[in-house]
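Protein chains: 2
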Amino acid sequence: MAPEANKVLLDIGGVKYDMKIDENGIWTCDSDPQDVGFHYYQLWIGGAAVPDPGTKYFYGAGRWGSGIEIPANDEDFYSLKNVPHGQVIQKIYFSSITQSFRRCFVYTPPDYEKDIKTHYPVLYLQHGSFEDETGWSAQGKANLIIDNLIYEKKAVPMIIVMDNGYAFEVGENGNSRKFVFEDVLIKEIIPMIDSSFRTIADRDHRAMAGLSMGANQTIRITINNLDLFSHIGGFSGTSNYPSSNKIDRSTFMNGAFNDGKTLSEKIKLSIIRFVLP
Amino acid sequence: MAPEANKVLLDIGGVKYDMKIDENGIWTCDSDPQDVGFHYYQLWIGGAAVPDPGTKYFYGAGRWGSGIEIPANDEDFYSLKNVPHGQVIQKIYFSSITQSFRRCFVYTPPDYEKDIKTHYPVLYLQHGSFEDETGWSAQGKANLIIDNLIYEKKAVPMIIVMDNGYAFEVGENGNSRKFVFEDVLIKEIIPMIDSSFRTIADRDHRAMAGLSMGANQTIRITINNLDLFSHIGGFSGTSNYPSSNKIDRSTFMNGAFNDGKTLSEKIKLSIIRFVLP
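So the sequence lines, in the order shown, correspond to chains A and B.
According to my numbering, the first sequence is numbered sequentially starting from 1.
According to my numbering, the second sequence is numbered sequentially starting from 1.
No lab work stands behind these hints, which were simulated from the structure alone.
Since this is a predicted model, take the numbers as computed values, not measurements.
C-beta atoms are modelled at their ideal positions from N, C-alpha and C, and glycine is treated no differently.
Keep in mind that the hints are not guaranteed to be accurate.
Said to hold, decoys possible - Restraint-style ranges between C-beta atoms, simulated for each label pair:
| hint | chain 1 | residue 1 | chain 2 | residue 2 | range |
| --- | --- | --- | --- | --- | --- |
| 1 | B | Glu75 | A | Phe130 | 28 to 34 Å |
| 2 | A | Ile116 | B | Asp202 | 17 to 23 Å |
| 3 | B | Ser244 | A | Phe130 | 48 to 54 Å |
| 4 | B | Asn245 | A | Gly13 | 53 to 59 Å |
To be verified - Stretches of chain B that chain A covers, calculated by requiring three or more beta carbons in the stretch to come under 8 Å of a beta carbon on chain A:
| hint | region |
| --- | --- |
| 5 | 16–24 |
| 6 | 57–68 |
Go ahead and model the full structure; you've got the sequences and the hints to work with.
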């Protein structure tokens, strides 16, 4: 409701739609049909981009904004169902490398609190650009997906760690922005998780996966640290970002891909998926 | 930034302030000084009340909206410090009484995951009207407060359960709205917490406290269930809500307050605080 506005726009899927006002001051419009799944959207009122008031907000595109979910044919796999549910744990920690407080969310499977002798494999799951550590369990519903998969015995019970992929070293002048997520993950997050949760703390039971920027981080970090990871998942990622040149295998990632046989032996499962727009 | 708006208002502390636009389309104004602590606020653009874009949102006043925190002289006790931090756990469960999925947040103290033989007392902590289960750990910072208190040995390590105080029974026609939070807490939440977490599951180690509506619920539920609770905290609550008549002790809460001696013996600690506006 914006009775005094001259113009209100709905901004979704890269298109801004002119909304029309009715006699009660309520603005409505029909957008084009949207693809199934989750979409960010916003409103423009008086030239200001604002979230839709009264809705729930999600972190994406570098800010908290509105989201809408279009029902999908395959929505069953990520639906909230009456199956045993794991927990999503907010963990705050101080990072010496970045000299800042950081936060991760840790999924523990159903019965984690009861089966106190059981240890679990761990998946490190990273978000995309301009998203944060809340994304995978909020709009991504990673916890509901794995709850359902565990219930259907399509996945083994596991711990999932969702941290913030943005990590910058503080320079002497306080404004250095060297990207140090690999260091934070390897030296701080993994040791913290292995000491705080009942993990199986070896490479055979440690996986990493990510979306977009998280896929890029996954491929670089796992290939750099094959002593720590055996399972790799990259979704819509560009492992040579920010370059878009053809990859030179002999030099790419210090030549890690030159010895395919060794790589194949070390990597138990790799899933690299791209969805073209 | 709202270059095309005719009028933008800042709405905080019950006052709407006219904002002024500069040559870049950016609206600013000075509000009156606000009391220290947390305040909800919103903007009015073109007659629409919207959250401040680009800020973090909090659930209050029945919707997700903007919040601002004014530094306080005593902010030290709720600040994020480099002390051991507990975890805040999102727990999803299906409630048979309300026939709905519900959610609570459970604080577990530092080292909960490591000291797996230790059991802890539990505080059930309830939000006020038009707030929800996110409030106490988001804008309320209950987790940081108890982290600091435990570190300073001013509180014993404990579990804190923050659930949603709104719970309605579903009638046969699907639209009954009988308020059943007491039933949900006593029959569903407490048994679930005692079976999922390492609680000390007796009345001597179970407390309940709440703000406003949560204080009302606390007083009613604890006095009705003194076999389950020994510690009671009510902040800015009205135990006879929605009535504002003088309380008749002989009939109030089925006469529970007639036998002061028994009540005194049963209640180990009660804190009832009111802050007058």
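Verification of the hints:
no. : hint                            : result
1   : Glu75/B x Phe130/A: 28 to 34 Å  : 31 Å, holds
2   : Ile116/A x Asp202/B: 17 to 23 Å : 21 Å, holds
3   : Ser244/B x Phe130/A: 48 to 54 Å : 50 Å, holds
4   : Asn245/B x Gly13/A: 53 to 59 Å  : 56 Å, holds
5   : 16–24                           : violated (count 0)
6   : 57–68                           : holds (count 4)
Checked against the numbered hints listed earlier, the structure breaks hint 5 alone; every other hint is satisfied.
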